[in-house]
Amino acid sequence: MSTERIVGIDLGTTNSLVAHMQGDTPVVIPGEDGVNLVPSVVALDEHDRVIVGNAARKYLIETPERAVYSIKRLMGRGVEDIHEELKLFPFRLADDIQRGEVIRIRLGNKVFTPPEISAMILRQLKRNAERFFAAPVTKAVITVPAYFNDAQRQATKDAGRIAGLEVLRLVNEPTAASLAYGLDKKQNGTVAVYDLGGGTFDISILKLHDGIFEVIATNGDTHLGGDDIDNLLITTALDDIQGDMNIDVRRNAEVVQAIRKAIIDAKIRLSSETKATIDVELPGGKHYQRELTRELFEQLAQPIIDRTVGPCKQALKDAGLKPEQIDEVVLVGGSTRIPKVRALVQELFGRVPHTDLNPDEVVALGAAVQANILAGGSQATENMLLLDVTPLSLGIEVAGGVTDKIILRNSTIPASATQHYTTQVDGQANVAIHVLQGERELAKDCRSLARFDLKGVPPMPAGLPRIEVRFLIDANGILHVTAREQRSGKEAEISVQPSYGLTDEQVEGMILDSFDYAEEDFRQRQLIEARNEADTILAAMEKARQNEAWQRLTSDERKQIDKLEKALRAEKSGEDYQAIRKAIDVLNQATTRLAELMMDTAVATALKGKSMENTGVEEGPEAPHPVAKADFE
Amino acid sequence: MASSESKSSLIMPGEATSTCWSCGTMRAVHFCGACGKVQPPVPVDYFTFFGLPRKLNIDVAKLEREFHQLSRKLHPDLYARAEAQEQEWSLQQSSQLNDAYRTLKDPIRRTQYLLRLEGVELEEQSKSATDEARQSGQLKKQVVPPDLLEEVFELNMQLEELGANKKLGEDDPNLTQELQQKKAEFEHKFDGLFEELKAYWNEWDKAIDSGTEEERVNVRDKMVDLLNRRNYIRNLVRDVNEALGT
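Line by line, the protein sequences are chains A and B.
Note that the numbering used here has the first sequence beginning at 562, numbered continuously upward.
Note that the numbering used here has the second sequence beginning at 31, numbered continuously upward.
Please note: incorrect hints may appear among the correct ones.
Chain B stretches covered by chain A per the calculated footprint, using a threshold of three residues with CB under 8 Å from any CB of chain A [what the hints assert, rightly or not]:
{"no.": "1", "region": "93-105"}
{"no.": "2", "region": "125-133"}
For lysine to aspartate or glutamate, the following EDC-like pairs were computed, each having C-alpha atoms within a straight-line distance of at most 20 Å [said to hold, decoys possible]:
{"no.": "3", "chain 1": "A", "residue 1": "K874", "chain 2": "A", "residue 2": "E1000"}
{"no.": "4", "chain 1": "A", "residue 1": "K768", "chain 2": "B", "residue 2": "E94"}
{"no.": "5", "chain 1": "A", "residue 1": "K1133", "chain 2": "A", "residue 2": "D1096"}
{"no.": "6", "chain 1": "A", "residue 1": "K718", "chain 2": "B", "residue 2": "E118"}
{"no.": "7", "chain 1": "B", "residue 1": "K67", "chain 2": "A", "residue 2": "E943"}
{"no.": "8", "chain 1": "B", "residue 1": "K92", "chain 2": "A", "residue 2": "D771"}
{"no.": "9", "chain 1": "A", "residue 1": "K878", "chain 2": "B", "residue 2": "D136"}
{"no.": "10", "chain 1": "B", "residue 1": "K213", "chain 2": "B", "residue 2": "E190"}
{"no.": "11", "chain 1": "A", "residue 1": "K966", "chain 2": "B", "residue 2": "E151"}
Derived from the structure by calculation, the hints contain no laboratory data.
Note that CB positions come from ideal geometry on N, CA and C, so glycine has one too.
Please build the complete structure, drawing on both the sequences and the hints.
Take a look at the structure:
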């Protein structure tokens, strides 16, 4: 049984979490503030230090040009995909981004790509886990929406690498949720997971059978979630303010963010109450006040919620199932708390959805279960296995701008396909392949995944080379391409130009930048903790010297203790936390007898009924020994 | 596209060909029966992968159980802490496993795959015809099954009429009804073909067991014919649906 600590991470649009398997149960690891959810908000403070989570939220309102939220919506995307987003986000993009390039956004005076920002969130979660275990954490399972395409998945993996985490597996969010559910219920059957989060929607249909979680079909929309409902409400409020009060605050980032916060608070309240008030201060001292009824909210949100119906119906169709053949529907994601959403799900599937599991945490818990399976498992997970699918068909662009599908959607992964190519011109050394994802017939309507350039084809007359290209989608849902010219047996060298992504070199560079930082981090913390321990011991020593027991030591013993204390003070001002710890241990050992003597004194005094004021020992013989090893995590 | 595997590299079910690299026991196709270590993948056809004869009747429930069992042994998740070489082998093996299962569990795919193994290409799948059609920018010309000639001719006429009506903004409910009826007839034919196919399966399986080469080729050709007809009818129904807007 491995004792390796592999954590499960839910890198969400709105909130992120890290969890691990504690015995037979997955458990979320809280942050320093004791809170389980880390808001996926990143900011740079005045000194360009990175702030992540709750602490970063105030920056959103005060200095929005130094903060970013919902970065997940930008992962693996291009500038041309996000112009809707840009209308309401306070994000500033770098000026010179080209089509097909990775996005770069500005925080203060610095520029970052979405994977780098996601890496900051991951680093925070990593820190939280390391603090919890008091040990380094370098491996993780990270979840992604099932409907994420190759570029989006690769971006997530890159983020992990930049944060100093080896990403052992990307798991689809609905599948992860089903793991947590399955572990809990231990029942066979067909389950539908309806996952409506902050930015993405997934519907997955799975068969649970004796510990095997087999995805039959999956569908979704990676551009649909709670954020869209928020944006609609914000737009309505802005229109309101313009109309009623004749003030245009659209350009005022601080006010827009304040409105956003008020709207989100109201939206959440409306899940349990029928009315909520919005009150935002506008420039000039006026207030925008509005009462939002649940009815009005539902009316506004309906078109967005309705967009989940299409994917659900398609998934059922692909699975070859009717709604009544689904045994259980599981709800995942904060947005499924909205009563209208629950009503829709109930109508779609003809049954009351399962809401036992915390929709905010279930994905992280499932990721922890998967981490456990990968680590060698505990008894609870030893029979569990995930069989997931690729959500989008993989195709090659052929003559005429048409897509030739080589791996169909909902194929169980790992999956592969082989294609043969030849050359058009004598001596042609390169063959270019454009790979796409999507269901449409024309290449221009599909999602460009990457352009592969096969190099090093041995010189031959046109049409003679027989180049076998193998496309393999791995268990993460990411594509790998290998090629071999069969007549010569030569492996072709493949250079990849990912769409909307980072090249390996770029990621390496970012890792190097953050590597020292990460190591530094852990070391810094250990140093602080060791110094704190040392201080406690030294303070106790001060008191111990005033105790009469001190006089009862031999002169040699006192000299030894003095020497060790001096050594500890010296180490404490240094940077080596392991040396500090060692010095503490050695001093502890040397003062064992002193401790015993102090105990005797205390007991003797107590028996004699004397007051304990000047003994430097806390009242009562059960009091913790002042130079005893303190109870540290 | 015909399979590129040569018969000499096939491993027969149950036949071990070399010793396990890890513990020295004779090697099974996917993993060592004695020590459980994954083996390098071997290029076998999908039937051999599952240790099945090249027969068309398959117990799908049994196939699924086998699929689950093999998944539990081959899936990359189980090799997360293994050496890179084993991880690579597990990746190859499980992609082969998934491809094989996906193909064999669906009756039509299974039939098409077998025919390909037997060196036959279905019309619709002919890559050269596809390329040619794409180059010329025209629809691939599919040969009309002879027994359907008359009906297809009539149907095409009606579709043309419908198209002409649309251009004029007219709507002939009689025509629409006739087309829908024809569509229903074709759909009925389509379903019937599947039953016919299953009868051929039995013939094929018998021929594998005790038949002659000639008998096998005979059944094979009949199945090719049937699938071609089936594809043709499916395309017809699709065309009618498109024209009617259904």
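Evaluated hints:
Counting residues of the region 93-105 of chain B whose CB falls under 8 Å from any CB of chain A gives 4; the rule of at least 3 is met. Coverage of a stretch by a chain is defined here by at least three residues with a beta carbon nearer than 8 Å to that chain's beta carbons; for the region 125-133 of chain B and chain A the count is 6, and the condition holds. Proximity of K874/A to E1000/A is assessed by CA-CA distance (about 16 Å); at most 20 Å being required, the pair is judged to hold. Between K768/A and E94/B the alpha-carbon distance is near 12 Å, which keeps this suggested pair within the 20 Å criterion.
Proposed proximity of K1133/A and D1096/A is supported: the alpha carbons are some 9 Å apart, at most 20 Å. Note on K718/A and E118/B: the hinted pairing holds, with a Cα-Cα distance of about 19 Å set against a maximum of 20 Å. A threshold of 20 Å between alpha carbons decides the hint, and for K67/B with E943/A the separation of about 17 Å falls inside it, so the pair holds. Note on K92/B and D771/A: the hinted pairing holds, with a Cα-Cα distance of about 15 Å set against a maximum of 20 Å.
For the proposed pair K878/A and D136/B, the alpha carbon gap of about 16 Å is at most 20 Å, so the pair holds. With a C-alpha separation of about 15 Å, the suggested pairing of K213/B with E190/B holds against the 20 Å cut-off. Among the hinted pairs, K966/A with E151/B is consistent with the structure: their alpha-carbon atoms are about 18 Å apart, no more than 20 Å.
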